[in-house]
Amino acid sequence: MKILKIFIIMFLSIGFSHLKSEEKNIELKNKILKNIRCLVCQGQSVYDSESEFASSIKIIIDKKINEGLEEDQIYEFLREKYGDWIIYDPELNKNTYILWLLPLLLFLFGGAIISKNLNNKK
Amino acid sequence: MKNKLNLLIIITFLSFCFIIFYKGLSNSNTYSPKISNKKNIPIFEAKDFNSNIYLNSEKIFEEDTFYIVNIWASWCVPCRTEHPLLMELSKNQSAKLIGLNYRDNLNNAKNFINELGNPYSQIMIDNEGIVSVEFGAYGVPETFIVDKNKKIIKKFIGPINKEIVKKIKLIIQ
Chain A
1 MKILKIFIIM FLSIGFSHLK SEEKNIELKN KILKNIRCLV CQGQSVYDSE
51 SEFASSIKII IDKKINEGLE EDQIYEFLRE KYGDWIIYDP ELNKNTYILW
101 LLPLLLFLFG GAIISKNLNN KK
Chain B
123 MKNKLNLLII ITFLSFCFII FYKGLSNSNT YSPKISNKKN IPIFEAKDFN
173 SNIYLNSEKI FEEDTFYIVN IWASWCVPCR TEHPLLMELS KNQSAKLIGL
223 NYRDNLNNAK NFINELGNPY SQIMIDNEGI VSVEFGAYGV PETFIVDKNK
273 KIIKKFIGPI NKEIVKKIKL IIQ
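So the sequences go chain by chain: A and B.
Counting from 1, one number per residue, gives the positions in the first sequence under the working numbering.
Counting from 123, one number per residue, gives the positions in the second sequence under the working numbering.
A few of these clues could be false.
[What the hints assert, rightly or not] If you want a taste of the chain B side facing chain A, the calculated C-beta under 10 Å gives, among others:
hint	residue
1	PHE135
2	ALA168
3	ASP170
4	PHE171
5	SER173
6	TYR176
7	ALA195
8	PRO206
9	LEU207
10	GLY239
11	GLU250
12	GLY251
13	ALA259
14	VAL262
15	LYS270
Just so you know, the hints here were simulated from the structure itself, not pulled from any lab data.
For clarity, every value in this text was computed on a predicted model and none was experimentally measured.
Ideal placement from N, C-alpha and C gives every residue a C-beta, glycine not left out.
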């Protein structure tokens, strides 16, 4: 009886851990799909699109996750095939540094103007 | 004086924006990925259209010649338009034409080939579109030129036309 209980517990724990890892994979897949631009659609992510292109990308990402690739490796794979444009969240590189630094510069510039005006009023 | 300076700054800024947007109007609104440097052909395995045997990319591109890879489907209308030009290209002995049948129904694809002729020396089936993604394609039709070093040297998005055929012939000569 005791052995049977142990077996049931072991069986359930293996089953649950398998379910958990599957759930994790689905979460990761959805996260990646939402961050990929559907190149043949107008303003849609691959996650939202039902186009042929999006369907193929969904299958390939599923495959890559099952192969054990990390999120960054999958983005790198897609970037190599389609360029930076396919990723919604662009990384900081020589083509995108203006995009990343401009808001910061504007913020500093605005702050400087405001503080100068405040000082003048005093 | 200060007001004039402000006005000048605003006018300069607006003119700058106008020029940027005006120039943007003439840009193409379809995105086409650049092939900045020559890429190796992807490593893949696909089913042969006629024999149903799985072949790997090494076997498909084994000869020391140029290859033209054309992604097509029977449901794709522009593929029908470019087909006569592919038939013309198939007569050229300097390159082998490989067809990649993209997300298609096999019977429809066979009818398409029977009706319009077979320009391909080999057709591979890409039911899930995975091989096409490995090539960096995002639709049909698309045509790639692979050189003797098995590198993708040129990519044509959309149906090929007479101009493109001329370009292809120049490259593979």
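Inset, instruction - May I ask you to test the interface hint for B:PHE171 with respect to chain A, counting a Cβ-Cβ separation under 10 Å as satisfied? - result: The hint is violated - B:PHE171 has no Cβ within 10 Å of chain A, the shortest such distance being about 19 Å.
Legend entry - chain A contact restraint for B:VAL262 - C-beta distance below 10 Å: OK, holds: B:VAL262 within 10 Å of chain A, min 8 Å.
Legend entry - Restraint outcome when B:ALA195 is required to lie within 10 Å of chain A by C-beta distance: holds (9 Å)
Legend entry - Minimum beta-carbon distance criterion (10 Å), B:GLY239 to chain A: violated (25 Å)
Inset, instruction - Would you check whether B:ALA168 satisfies its interface hint, that is, whether its CB is within less than 10 Å of any CB in chain A? - result: violated (14 Å)
Inset, instruction - With chain A as the partner, please determine if B:LYS270 meets the hint condition of a C-beta pair closer than 10 Å. - result: violated (23 Å)
Legend entry - Hinted contact B:GLU250 with chain A - closest CB pair below 10 Å: holds (5 Å)
Legend entry - Interface hint status, B:GLY251 versus chain A (Cβ within 10 Å): holds (3 Å)
Legend entry - Interface hint status, B:TYR176 versus chain A (Cβ within 10 Å): With Cβ-Cβ at 16 Å, over 10 Å, it is violated.
Legend entry - Hint check: 10 Å Cβ-Cβ cutoff, B:SER173 to chain A: Cβ of B:SER173 sits 24 Å from chain A, so the hint is violated.
Legend entry - Hint validity - B:LEU207 Cβ closer than 10 Å to any chain A Cβ: violated (23 Å)
Legend entry - Status of the B:PHE135 interface restraint (C-beta, 10 Å, chain A): violated (13 Å)
Consistency note: the structure conflicts with the earlier hints numbered 1, 2, 3, 4, 5, 6, 8, 9, 10 and 15.
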